[in-house]
Amino acid sequence: MSDTTTGGGRDSALLLFAWKAVKLAATVALTFLGLLVVTFLIGRVVPVDPVLAVVGDRASKSVYDRVFLELGLDKPLYEQFWIYLQKVLTGDFGQSFLTKRDIVDDIRRVFPATLELATVAILIGTLFGIPMGVWAAVRQGRLADQLVRVFGLIGYSAPIFWLGLLGLLVFYARLQWVAGPGRIDIAYEYAITPKTGLLLLDSAMQGQWEAFRNIFSHIILPAALLGYFSMAYISRMTRSFMLNELAQEYVTTARVKGVPEWRIIWVHALRNAAVPLVTVVALSYANLLEGSVLTETVFAWPGLGQYLTNSLQNADMNAVLGGTLVIGAIFVGLNLLSDLLYTLLDPRVRRGR
Amino acid sequence: MLHSRTLLAATVAAFTLFSAPVRAETPADTLIQAWAIDDIISLDPAEIFEFTASEIAGNSYEGLIGYDPADVTKIYGKIAESWEVAADGVSISFKIRPGRTFASGNPITAEDVVFSLTRAVKLDKSPAFILTQFGLNAGNADEMVVQEGDDTVVFRMDKPYAPTLVLYCLTATVGFIVDKKLVMEHEANGDFGYEWLKTNYAGSGPFTIREWRANEAVVMERNPNYSGDAAPMARVIYRHIPEGATQRLLLEQGDIDIARSLTAEEIDAIRANPDLKIQEGPKGSIYYLGLNQKNENLAKPEVRQAMKYLVDYQAIADTIMKGKVSVHQAFLPNGFLGALNDNPFSLDVARAKELLAEAGLPDGFTVTMDTRNTPEITGIAQAIQQTMAEAGITMELIPGDGQQTLTKYRARNHDIYIGRWGPDYQDPHTNADTFARNPDNSDDAASKPLAWRNAWDIPEMTAKADAAMLEADADKRAEMYIEIQKEHQQTSPFVIMFQEIEVSAMRNNVNGFIVGPSFNDNNYAHVTK
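So the protein lines, in turn, are chains A and B.
Quick note, the first sequence lines up with residues 80 to 432 if you use my numbering.
Quick note, the second sequence lines up with residues -15 to 513 if you use my numbering.
Calculated from the structure, these hints are not laboratory results.
Given the structure is predicted, the values throughout are model-derived calculations rather than measurements.
For every residue, glycine included, the Cβ atom is placed at its ideal position computed from N, Cα and C.
Any given hint could be a false lead.
Claimed, not checked - One side only, chain A facing chain B, incomplete, derived with CB under 8 angstroms:
1) Arg137
2) Tyr157
3) Thr169
4) Gly173
5) Leu177
6) Leu349
7) Arg350
8) Asn351
9) Ala353
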């Protein structure tokens, strides 16, 4: 989406812009349609009876049959999909069988929890990952490099479930540095009025600093854990981008000209490495925003990951489809954003060369 | 490297600033329980059928009558002051206790009782069969449940059922009384307020339901208008903590008061902790194996018998379940009228081999078992797999998610299914109805009791169970059930293994938590801490 060709006059530039906008809209629409079709089909081939999730195991045949009809399961598959699609286009995502609430309300409730956790996690991952990657690249082959790589490898390969419990045992139970599972202590639960659903933001806006502190001590451990995982990835990618940049001729030129080493590394090379890094960070962020089921389970975090897994296991297809659309929108959105940042960061793209 | 070091130092400083010790005891007037509450799908008593929601309803709504959880034969009036069974046995009249109110402040009247019971029948949600089995349906409900005079409600039936059966059914959550005035204020499109009530509250119990955040929390508050003694706790909060290990950590730290879903491992560790205590209470749930009679090997009587000798009951109860079950081999749980407490089977490989030889299968056979992928069910299944192998039976375990294995079971596509069955109400008919009745064994049968799911065609036993349902004399009735169970124990395709014991762990200062035989009997109205 970021390929730019040089146009002639003003009119043709406008035309080109319009054409690109149409192309983009079509791509997005097709992506969403594809997502819906695939998710819908998966929901239908899962060997779970969706009626069971609604009525339970004990219901009489009359109850079962009525719900079967209510869910429209007697209609052919394409018709079921068409009905669903029409509703979605009018903004009606239906109700969850399990929570008995509108999907939109459910997602509005669970997504902020995931968004907050993912945002803190990606901040940690980026703030630590990039300097570590740079450091490893500069010290390539030396002890520091090895350490960073091993540290990253552990982050990449240790089971998060185990690491989460271990973290709780050490930092919550033994050292008592952080608060336990959950988003907030009961004592503060009703001290803040939820506005955005992002508790850190809500408490800060309302000047509830005690609550803010409590929320922070709840979020820091799961966020650090998820951050560690993205850090592992970000530092590895940073290292390889930096190695690539440091081998370039302009670096040698700068050194010859006597530019201080720190400036070469942190200003010249990192600036160029930042361009592909934007995509890496954006994708890591998108992955975190899907919600991590295991982290959410261990830390009793009422987020999107738990919601979707629970819905899928119970064949609650409205919820699964709604959640998939949200995730799809995040990926499309972050991709567009990183393309946009590309144009800002890379003068070659900006000037259309 | 000055830059990165500064950054690191700053971050560490920020971290320590924010994360000074954060110790929060639970507030003195609030009881906090950790449980997996993702089974809740509705808060409307006409629809509630799941464990968690039943318990919540049991503490926030009231039925006409109740029973003593320690001795279920003691039935007493709650919303009803007294009741009388008609001479012909086809109706019971309930006199409503005067002067009691709902949490809303509205008085509890006979009109509310008629409304609640007919509403449950007309809405016809999953638990409605508990009432409709007495011949009620949406069409006749208004004639079957009627108000007489100011304070009397008459409940009519199509046959003279055993009175205890009817009374126990009315103690189930589906028989709980809702506030007609409040519910009907929220009616939309003739739904009897269902859309509203499934996430709201209109009861009269010791607690009110303030909020249900799916997969997150349920918040209950003391009912200021409760007609009985006010509960000592101002608030009871259920937190959704799906992971047992997490629950244990929270309990040890004092961030919760009660942990409800611990695995056997965690219970063991908690027993050793002097700050915590364990409370146990027998539940009505039964663990069993269902042997599908469509499988030609499993259909042989000797094979069914052999299977019952190939489970190491005591070892599983002691080592895998560690006190969360007791060995029990009949379909009525201990504590029910007519429960049979004989356990004739134990692991006996030699006897099983003889039986297999008699069945013409001296070298055993190969069979599959659909196994729900929870740690405990998987653990039991693996132990059974080993003992089966000793007699030459190769059992392959097919793990699956709960809904997935259940879907297959209900379609009769399994060989063996390892299951857990909880009674729907406190009367023996609830389990006889599913383990020992199969009115129609055809593939498109209207009802799918466990006997049907295992394709066990038993017209005679079905007739016996039907007769027991109508026996008014309690002693005679108990004998009838004992006789059915004795036959069932020997011949049925069910390897009945255990009765569940609910184990909760709590802080030492928590007192007065009652664990009853069913989940709506679990009570915290008198809990102090």
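Consistency of the hints with the structure:
1. Arg137: With a minimum Cβ separation of about 6 angstroms from chain B (threshold 8 angstroms), the hint on Arg137(A) holds.
2. Tyr157: violated (23 angstroms)
3. Thr169: The hint is violated - Thr169(A) has no Cβ within 8 angstroms of chain B, the shortest such distance being about 20 angstroms.
4. Gly173: violated (14 angstroms)
5. Leu177: Result: holds, 6 angstroms to nearest chain B Cβ.
6. Leu349: violated (11 angstroms)
7. Arg350: Hint violated; Arg350(A) Cβ to chain B Cβ min 15 angstroms, cut 8 angstroms.
8. Asn351: Constraint on Asn351(A) not satisfied, violated at 18 angstroms.
9. Ala353: Where the cut-off is 8 angstroms and the nearest Cβ of chain B is about 15 angstroms from Ala353(A), the hint is violated.
Violated hints, listed in ascending order, are 2, 3, 4, 6, 7, 8, 9; each of the other numbered hints is respected by the structure.
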